[in-house]
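Engineer: For reference, the chains in residue letters:
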Amino acid sequence: MKLSVEHIAILSGILLMAIGLWGILGRKNILKMIISFTVFDTGLNILIVALGYLPGRTAPIVDGPVTVENLSQVAVDPVPQALVLTAIVIGFGVTALMLVYALKMHEKKKTLDINEYTDLKW
Amino acid sequence: MITFNIVLLIFLSVATISGALVAVTAKKTAVAILASGAISLFASIFFLVLASPDVAMTEAAIGAGLTTFLFFVILRKTESHHAEK
Amino acid sequence: MLRNSLILGLVAVFALALFTIFSEYKTPETLNRTAQYYNENEVSQVGAANVVTAVVVTYRGLDTLGEVTVLFLTASVIGFILRRKKKGEPVVKADKGSEILSTASRILFPGSIILGVYVFVNGHLTPGGGFQGGAVIGTAILLIALANPEFAVSRKVLHWLESLSGVTYVIIGLLGIFLAAGFLDNRILPLGDFGHLLSAGAIPIIYSMIGIKVGAELSGIITDINQTKTNLS
Numbered sequence: 011m012k013l014s015v016e017h018i019a020i021l022s023g024i025l026l027m028a029i030g031l032w033g034i035l036g037r038k039n040i041l042k043m044i045i046s047f048t049v050f051d052t053g054l055n056i057l058i059v060a061l062g063y064l065p066g067r068t069a070p071i072v073d074g075p076v077t078v079e080n081l082s083q084v085a086v087d088p089v090p091q092a093l094v095l096t097a098i099v100i101g102f103g104v105t106a107l108m109l110v111y112a113l114k115m116h117e118k119k120k121t122l123d124i125n126e127y128t129d130l131k132w
Numbered sequence: 013m014i015t016f017n018i019v020l021l022i023f024l025s026v027a028t029i030s031g032a033l034v035a036v037t038a039k040k041t042a043v044a045i046l047a048s049g050a051i052s053l054f055a056s057i058f059f060l061v062l063a064s065p066d067v068a069m070t071e072a073a074i075g076a077g078l079t080t081f082l083f084f085v086i087l088r089k090t091e092s093h094h095a096e097k
Numbered sequence: 064m065l066r067n068s069l070i071l072g073l074v075a076v077f078a079l080a081l082f083t084i085f086s087e088y089k090t091p092e093t094l095n096r097t098a099q100y101y102n103e104n105e106v107s108q109v110g111a112a113n114v115v116t117a118v119v120v121t122y123r124g125l126d127t128l129g130e131v132t133v134l135f136l137t138a139s140v141i142g143f144i145l146r147r148k149k150k151g152e153p154v155v156k157a158d159k160g161s162e163i164l165s166t167a168s169r170i171l172f173p174g175s176i177i178l179g180v181y182v183f184v185n186g187h188l189t190p191g192g193g194f195q196g197g198a199v200i201g202t203a204i205l206l207i208a209l210a211n212p213e214f215a216v217s218r219k220v221l222h223w224l225e226s227l228s229g230v231t232y233v234i235i236g237l238l239g240i241f242l243a244a245g246f247l248d249n250r251i252l253p254l255g256d257f258g259h260l261l262s263a264g265a266i267p268i269i270y271s272m273i274g275i276k277v278g279a280e281l282s283g284i285i286t287d288i289n290q291t292k293t294n295l296s
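Chains as they are written, first to last, in the numbering used here: chain A, 11 to 132; chain B, 13 to 97; chain C, 64 to 296.
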């Protein structure tokens with residue numbers, strides 16, 4: 011059994027993504043589908059950050075015991091953090107866009123149930 | 013310190029995953045929104061333990077704060093109609 | 064039932080495919096070469112105490128420019144979808160916030176704005192930066208909007224702030240081509256004393272521009288959504 015910080019984080023990230031996917035495919039209410047999207051998003055972010063973690067190391071910020079000389083010995087990988095930083099902000103934009111579309115569809119059909127949206131069904 | 017982190021992370025992952033199950037299976041949309049906000053909050057502690065305070069700040073401000081509020085605003089706008097009908 | 068079993072099967076396949084990441088993951092002993100390079104050379108090349116900021120603003124600056132553009136597009140599309148049909152149509156008549164909420168928002172609003180500005184100005188020294196600061200500013204606007212539904216930041220002010228900060232961002236990036244090594248190079252200004260507020264070249268300016276832009280965009284999204292009137296009620 012692998013019991014380390016990064017393994018637990020990777021496992022929870024994967025489980026969150028699986029639960030999120032289940033929600034995206036299984037829910038009928040469009041708001042709940044969007045909530046599942048955010049769950050999926052969070053799991054993916056945890057997974058990416060966990061892949062850049064090294065045990066016993068600290069944040070890549072020069073301060074206190076972390077000096078310019080030993081930065082590459084005591085700090086974790088900064089690249090996944092930078093990527094996830096932008097991914098969270100983009101995720102907010104995408105969620106807001108989905109919510110606005112949901113609001114528009116609710117105006118047209120007066121319901122949030124996707125079974126009622128039959129315009130493109132054939 | 014490492015063992016403390018591991019115990020903390022086990023608690024956190026149990027809380028996060030049960031929160032995700034609640035968010036996906038809840039009958040009431042408001043409960044699901046609150047659960048997803050809680051997941052974001054737990055995830056930001058995850059990021060703190062994983063030595064990335066920058067990401068933790070972003071997740072706490074955007075994931076737990078703005079997204080949750082936005083969901084509630086949209087929920088109010090879609091529900092007010094049903095109440096009046 | 065067929066639908067449910069299909070969904071469960073799909074989720075199981077997805078989880079199994081990802082599970083190999085978990086089962087085969089061996090924690091590396093050292094950093095990979097990119098991270099090693101960034102951690103070793105960042106201070107002498109960029110001069111920011113926070114390596115993540117250096118990666119976001121300088122090494123992968125083009126990425127960040129694209130990201131801010133995506134956020135701008137999202138805000139524009141939301142404004143376009145939610146535009147009111149007639150100009151004279153009254154905005155939504157939601158309930159006013161309670162007494163506690165409106166009093167608290169008046170007290171908290173200036174503090175939140177100052178916190179946001181602090182977070183993005185100090186992005187190169189402490190955790191935080193333009194995105195976090197912008198989000199804090201957006202939250203402050205949201206707080207006011209919740210307490211008083213008729214409150215609206217003027218669209219014109221938001222658009223001007225956003226366009227000005229975006230144009231300044233690109234101009235600083237272009238200056239890097241002529242005065243330093245390339246697009247978005249922060250060495251157009253002297254690197255200064257390491258660890259001080261005015262150091263790391265143009266990073267504080269660029270991150271402030273990103274902060275203002277993100278704050279204006281998030282405030283725009285929030286105001287747009289909060290003011291929409293669902294035309295059924």
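Keep in mind that the hints were calculated from the coordinates and are not lab data.
Hints should not be assumed to be uniformly reliable.
[To be verified] The list that follows gives simulated cross-link-like pairs (lysine-lysine, DSSO-like), each with its CA atoms no further than 30 Å apart:
hint	chain 1	residue 1	chain 2	residue 2
1	A	K118	A	K38
2	A	K114	B	K39
3	A	K120	B	K40
4	A	K38	B	K40
5	A	K119	B	K40
6	B	K40	A	K118
Engineer: Determine for every hint whether it applies to the structure shown.
Structural biologist: Hint by hint, here is what the structure shows:
Simply put, K118 (chain A) and K38 (chain A) have alpha-carbon atoms about 17 Å apart, close enough for the 30 Å limit, and the pair holds. Among the hinted pairs, K114 (chain A) with K39 (chain B) is consistent with the structure: their alpha-carbon atoms are about 23 Å apart, no more than 30 Å. Between K120 (chain A) and K40 (chain B) the alpha-carbon distance is near 18 Å, which keeps this suggested pair within the 30 Å criterion. Restraint check: the Cα-Cα separation between K38 (chain A) and K40 (chain B) comes to about 13 Å, which is no more than 30 Å; the hinted pair holds.
As the CA atoms of K119 (chain A) and K40 (chain B) are separated by approximately 20 Å, the hinted pair is consistent with the 30 Å bound. Our distance criterion of 30 Å between C-alpha atoms is met by K40 (chain B) and K118 (chain A), whose separation comes to about 23 Å.
Going down the numbered hints, you'll see the structure goes against none, and every one checks out.
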